[in-house]
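**Q** Per the numbering used here, residue 68 is the first one in the sequence shown, and the count goes up by one each step.
Hint data in this document are derived by calculation from the structure and do not stem from the laboratory. Fair warning: there could be bad hints in the mix.
Simulated crosslink set (DSSO-like; lysine-lysine; CA at most 30 Å straight-line) [unchecked claim]:
1. Lys95 to Lys137
2. Lys124 to Lys91
3. Lys124 to Lys101
4. Lys198 to Lys156
5. Lys171 to Lys120
6. Lys69 to Lys189
7. Lys124 to Lys69
8. Lys188 to Lys101
9. Lys137 to Lys106
10. Lys156 to Lys106
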Amino acid sequence: MKRYEFTIDLDPSEHTHQAGTHFKVVGKRAMSYKDMELKRVEKLLNIYMARNKPEEKLDGALGVTISFFKHQETMNGKKLKQNVWKTTKPDCENWSKTAIDVLKKYFMHDDNQICDLHITKKATPGDGYIKIVVRELEE
Numbered sequence: 068m069k070r071y072e073f074t075i076d077l078d079p080s081e082h083t084h085q086a087g088t089h090f091k092v093v094g095k096r097a098m099s100y101k102d103m104e105l106k107r108v109e110k111l112l113n114i115y116m117a118r119n120k121p122e123e124k125l126d127g128a129l130g131v132t133i134s135f136f137k138h139q140e141t142m143n144g145k146k147l148k149q150n151v152w153k154t155t156k157p158d159c160e161n162w163s164k165t166a167i168d169v170l171k172k173y174f175m176h177d178d179n180q181i182c183d184l185h186i187t188k189k190a191t192p193g194d195g196y197i198k199i200v201v202r203e204l205e206e
């Protein structure tokens, strides 16, 4: 079974896919567009994921684990000394959407292939980063 594991040296942006996608009506049609911050985050994720992509997109069922470590000096008024669960915004689902969209471009044919998804978010007193694991699942 193939497994790809890599770390992205990028402090996760508080700007989520949901916050960065906007809609406007042009004539009688509604159109969506991404703001500049979401485009910036996507560009950085594309750079890191392109470096770690498989030679060919993976087939079949996949498991994906995405761990967000957001730099944060304090939590609940106390100085952080170690990684702790981040119980504040943004929520896991909104944070992971952009990462999964970019993963799809390099690792899979369709995000329907993700059958096992784990997302965690922690606050860290150190530099922020994102850790991603993509693995083929056994039948």
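**Q** Evaluate each hint against the coordinates.
**A** Structure-based check of each hint:
1. A threshold of 30 Å between alpha carbons decides the hint, and for Lys95 with Lys137 the separation of about 41 Å lies outside it, so the pair is violated.
2. For the hint pairing Lys124 with Lys91, the CA-to-CA distance comes to about 34 Å; that exceeds 30 Å, so the pair is violated.
3. Between Lys124 and Lys101 the CA atoms are separated by roughly 26 Å; this keeps the pair inside 30 Å, and the hint holds.
4. Taking the CA atoms of Lys198 and Lys156, the gap is about 19 Å. The hint holds against a cut of 30 Å.
5. Our distance criterion of 30 Å between C-alpha atoms is met by Lys171 and Lys120, whose separation comes to about 10 Å.
6. A threshold of 30 Å between alpha carbons decides the hint, and for Lys69 with Lys189 the separation of about 27 Å falls inside it, so the pair holds.
7. Taken as a hint, the Lys124 and Lys69 pair is honoured in the structure, with Cα atoms around 11 Å apart against an allowance of 30 Å.
8. Taken as a hint, the Lys188 and Lys101 pair is honoured in the structure, with Cα atoms around 24 Å apart against an allowance of 30 Å.
9. Note on Lys137 and Lys106: the hinted pairing holds, with a Cα-Cα distance of about 19 Å set against a maximum of 30 Å.
10. With a C-alpha separation of about 20 Å, the suggested pair Lys156 and Lys106 falls inside the 30 Å cut-off, and the hint holds.
Violation of the numbered hints given earlier is confined to hints 1, 2; the remaining hints are satisfied by the structure.
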